[in-house]
Amino acid sequence: MSSIALQRRSTLSHLDWLESESIHVLREVAGQCANPVLLFSGGKDSLVLLRLAEKAFRPGRFPFPLLNIDTGHNYSEVIDFRDFRACQLNERLIVRSVEESMRRGTVVLKAPGESRNKHQSVTLLESIAEFGFDCCIGGARRDEEKARAKERIFSFRDEFGQWDPKNQRPELWDLFNARVSKGENIRAFPISNWTELDVWQYIEREALDLPSIYFAHKRRIVRQNGLLQPVTELTPAREGDVVEELSVRFRTVGDITCTAPVESDADSVARIIEETAITTITERGETRLDDQTSEASMEQRKKEGYF
Amino acid sequence: MSAIEYLPEIDNGLLRFLTCGSVDDGKSTLIGRLLYDTKAILADTLHAMTRTSERRGLEAVDLSLLTDGLQAEREQGITIDVAYRYFTTGRRKYIIADAPGHEQYTRNMVTAASTANLAIILVDARKGVQTQTRRHSYLTHLLGIPHIVVAINKMDLVNFDQATFERICNEYREFATSLGIGDVRFLPLSALDGDMVVDRGERLDWYRGPTLLEVLENAPAAHSERDEPFRFPVQFVCRPHRASDPKLHDYRGFMGRVESGEIAVGDEVLVLPSEKRARVKAIEIFGTSLPRAIAEQSITLRLEDEVDISRGDMIVLAKNSALVTRRIEAMLCWLSETRLDPQRKYLIRQATRETKTAIDLINYRQDINTLQQMPAEFLDMNDIAHVTFKLAQPLCVDSYSANRATGAFIVIDETSNNTVGAGMILGGFKSEVQQRYDASVAAS
Numbered sequence: 000m001s002s003i004a005l006q007r008r009s010t011l012s013h014l015d016w017l018e019s020e021s022i023h024v025l026r027e028v029a030g031q032c033a034n035p036v037l038l039f040s041g042g043k044d045s046l047v048l049l050r051l052a053e054k055a056f057r058p059g060r061f062p063f064p065l066l067n068i069d070t071g072h073n074y075s076e077v078i079d080f081r082d083f084r085a086c087q088l089n090e091r092l093i094v095r096s097v098e099e100s101m102r103r104g105t106v107v108l109k110a111p112g113e114s115r116n117k118h119q120s121v122t123l124l125e126s127i128a129e130f131g132f133d134c135c136i137g138g139a140r141r142d143e144e145k146a147r148a149k150e151r152i153f154s155f156r157d158e159f160g161q162w163d164p165k166n167q168r169p170e171l172w173d174l175f176n177a178r179v180s181k182g183e184n185i186r187a188f189p190i191s192n193w194t195e196l197d198v199w200q201y202i203e204r205e206a207l208d209l210p211s212i213y214f215a216h217k218r219r220i221v222r223q224n225g226l227l228q229p230v231t232e233l234t235p236a237r238e239g240d241v242v243e244e245l246s247v248r249f250r251t252v253g254d255i256t257c258t259a260p261v262e263s264d265a266d267s268v269a270r271i272i273e274e275t276a277i278t279t280i281t282e283r284g285e286t287r288l289d290d291q292t293s294e295a296s297m298e299q300r301k302k303e304g305y306f
Numbered sequence: 000m001s002a003i004e005y006l007p008e009i010d011n012g013l014l015r016f017l018t019c020g021s022v023d024d025g026k027s028t029l030i031g032r033l034l035y036d037t038k039a040i041l042a043d044t045l046h047a048m049t050r051t052s053e054r055r056g057l058e059a060v061d062l063s064l065l066t067d068g069l070q071a072e073r074e075q076g077i078t079i080d081v082a083y084r085y086f087t088t089g090r091r092k093y094i095i096a097d098a099p100g101h102e103q104y105t106r107n108m109v110t111a112a113s114t115a116n117l118a119i120i121l122v123d124a125r126k127g128v129q130t131q132t133r134r135h136s137y138l139t140h141l142l143g144i145p146h147i148v149v150a151i152n153k154m155d156l157v158n159f160d161q162a163t164f165e166r167i168c169n170e171y172r173e174f175a176t177s178l179g180i181g182d183v184r185f186l187p188l189s190a191l192d193g194d195m196v197v198d199r200g201e202r203l204d205w206y207r208g209p210t211l212l213e214v215l216e217n218a219p220a221a222h223s224e225r226d227e228p229f230r231f232p233v234q235f236v237c238r239p240h241r242a243s244d245p246k247l248h249d250y251r252g253f254m255g256r257v258e259s260g261e262i263a264v265g266d267e268v269l270v271l272p273s274e275k276r277a278r279v280k281a282i283e284i285f286g287t288s289l290p291r292a293i294a295e296q297s298i299t300l301r302l303e304d305e306v307d308i309s310r311g312d313m314i315v316l317a318k319n320s321a322l323v324t325r326r327i328e329a330m331l332c333w334l335s336e337t338r339l340d341p342q343r344k345y346l347i348r349q350a351t352r353e354t355k356t357a358i359d360l361i362n363y364r365q366d367i368n369t370l371q372q373m374p375a376e377f378l379d380m381n382d383i384a385h386v387t388f389k390l391a392q393p394l395c396v397d398s399y400s401a402n403r404a405t406g407a408f409i410v411i412d413e414t415s416n417n418t419v420g421a422g423m424i425l426g427g428f429k430s431e432v433q434q435r436y437d438a439s440v441a442a443s
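Protein sequences, first through last, are from chains A and B. Each residue of the first sequence is one higher than the one before, counting from 0 in numbering that gives the first Met the number 0. Each residue of the second sequence is one higher than the one before, counting from 0 in numbering that gives the first Met the number 0.
Just to be clear, a hint being listed does not mean it is correct.
Said to hold, decoys possible - Straight line, CA to CA, 30 Å or less: simulated DSSO-like cross-link-like pairs of lysine-lysine:
| no. | chain 1 | residue 1 | chain 2 | residue 2 |
| --- | --- | --- | --- | --- |
| 1 | B | 344 | A | 181 |
| 2 | B | 318 | B | 344 |
| 3 | B | 318 | B | 389 |
| 4 | B | 389 | B | 355 |
| 5 | A | 165 | B | 318 |
| 6 | A | 217 | A | 117 |
| 7 | B | 355 | A | 181 |
| 8 | A | 181 | A | 165 |
| 9 | A | 117 | A | 165 |
| 10 | B | 318 | B | 275 |
| 11 | B | 275 | A | 165 |
| 12 | B | 280 | B | 246 |
Keep in mind that the hints were calculated from the coordinates and are not lab data. Since this is a predicted model, take the numbers as computed values, not measurements.
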């Protein structure tokens, strides 16, 4: 009798705990919101979100469609994978593109080749208005960046899509408040508490497929401010650039013009986990050209409606 | 040592903890030290910190810069909001809720404390127990954090003197006992130099206890310390009805998270508030069937019997029910700049249920510095009060001291949709359902 009493009660491993919290968040979105949508880029974090949605809602359909804001500057491997995965899951995928917004005149580029990353906000807000979404589920994590460390799991946005860091809704226990008035919306971040390493460990455990550019491959690059800039049609080598061919992989996938790969031989998830565990550069610092501009650049973009 | 050398072999789960103290107590430095010494700070972050430290004319890297947050905060030189930080030792993953310590930020500390299972309360060795130490301890206790670590910091500034340490411990113990705080641990440390944080250092050799990190590594996980009653608030009902799959035609899954306790296939459950009985047919996660489920697991429950269940209902074990009530007494922390107006109706969200509520009575306001009870007609932001609520719909509750998940609620202002209050249900009751069950067991 006493030996049973002394036995420790089982508790969840850290990955199981994170998974369970994320499922809980997704089900709260489904329970509280009338018309939610899941932002799906084909990138690793959103692929993790899809697996979590399967765990949350199968054998039913997802209680939300998937939405991708296509900058028109995405790697084709990622776009193909996006379509393949949505089809495989038999879920509805909505694609809206920055190029449509440019044609409408709501996005005006300063220079033809500039990064369209920040312009996604405009197209996203237009899509929210078009479909009347009251909640957008995103794959952002608090460990990515300073401004995100203080963001709620259910983050309120006004009708301009703005995040007001000084005036966030208190978020206590796991009691989420997704109430909004017409035109306003909630951004829900089910994997807020995950780190990059957690994401990779989960991808390994769940044996999730990823777009090929996440794994080591040969690519022509130019070294620029300590980052590797891929040589592509959009970002051709300029005169005087030294073009090298290296074994690289992407840690994040986004707009071609602002996403840099890292030098790596990791050709499997297990090897990526090894590299991630010993890496000495934060994910965004190493690979996002747009976050380096100013210390507060993410905070600035989020205030403007960036997801 | 690189992180790879201690990647998980044993997974000791996850611990959420809270740090309380003001900038002067060295809270930011302590968090920076924990992250730095567990190699959780990455090179580019460190590089940015080094640059900023140099710009400010400092000789060493200022570790507190790590928790230096938003542009809006930097402009004002203050911390506004709760920030969450992460590190792993390989054995365990940690989530730090870093809350500003100032009195006017009571609501932030309450927020940060709501999800923590351990609190580190920082005391400046030169100053001893201060008003804010009492305030932090009271809030920590109010929010039901089971483990408290009093970190007596800046030992380097009192020559690592043991007598100073002992004196502060005694002083703290005295008032902690008066609050009813049980588990307290005391640690001497220097966050600035790192003594007793991750490494022992050599200057506190009279201290034989564990380092701060050792305390964290061995702190009991939530839900591991006592038997808890099974509580399962239903979040979502799954009825697939897919024409292509006739097997799914009658499928009804009740989706939610086990908030406490355990459930096994075959158990007899009670659905609240209807009090209908049923037996568990299956426990599923994404097509996998489990024989049992434990606290914090998100699952799908299927029942043998056809029972009408919807979001907001709570499934419990027939032998250990919750209280179904239209009236609750609670300690309420007011979070909004708009004061609580007892004439108005508000919304309460508890577990997965939402109901309209009216304030019956503000019994008293608790002064969090003197701990005295004062009369109150309304509540301002950061006030904490004993309040009685009338509810339009019944809630299925436990006392907060018995169950943090089913004893907690938030108050929502229907006009602004904002979360304006946080409540902790007071107990000492035995539910009617439970009384009837106990009577029936006694009768048979």
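For this session: Take the C-alpha atoms of residue 318 of chain B and residue 275 of chain B, compute the straight-line distance between them, and say whether it is at most 30 Å.
Result: Holds, at roughly 13 Å.
Exercise. Does the structure keep residue 117 of chain A and residue 165 of chain A at a Cα separation of 30 Å or less?
Worked result: holds (22 Å)
For this session: Given the hint that residue 318 of chain B pairs with residue 344 of chain B, test it: the Cα-Cα distance must not exceed 30 Å.
Result: violated (35 Å)
For this session: With a cut-off of 30 Å on the C-alpha distance, tell me whether residue 389 of chain B and residue 355 of chain B pass.
Result: With a Cα-Cα distance of about 9 Å, the restraint between residue 389 of chain B and residue 355 of chain B holds, given a limit of 30 Å.
Exercise. Between residue 318 of chain B and residue 389 of chain B, does the CA-CA distance stay at or below 30 Å?
Worked result: Distance ~28 Å between residue 318 of chain B and residue 389 of chain B Cα, so the pair holds.
Problem set entry | Given hint residue 181 of chain A paired with residue 344 of chain B - CA-CA distance at most 30 Å | holds (22 Å)
Exercise. Between residue 280 of chain B and residue 246 of chain B, is the straight-line Cα distance small enough, at 30 Å or below?
Worked result: holds (16 Å)
Problem set entry | Distance restraint between residue 165 of chain A and residue 318 of chain B, which requires alpha-carbon spacing of 30 Å or less | violated (47 Å)
Exercise. Within 30 Å, alpha carbon to alpha carbon, are residue 217 of chain A and residue 117 of chain A?
Worked result: Answer holds: residue 217 of chain A to residue 117 of chain A is near 29 Å, not above 30 Å.
For this session: Sort out whether residue 165 of chain A lies within 30 Å of residue 275 of chain B, counting only the CA atoms.
Result: Violated - the C-alpha atoms of residue 165 of chain A and residue 275 of chain B are around 46 Å apart, more than 30 Å.
Problem set entry | Pair hint residue 355 of chain B and residue 181 of chain A, alpha-carbon separation not exceeding 30 Å | With Cα atoms ~21 Å apart, residue 355 of chain B and residue 181 of chain A stay inside 30 Å; holds.
For this session: Below or equal to 30 Å on CA atoms is what counts here, so check residue 181 of chain A against residue 165 of chain A.
Result: Roughly 22 Å separates the two Cα atoms, so the pair holds.
The earlier numbered hints that this structure contradicts are 2, 5, 11.
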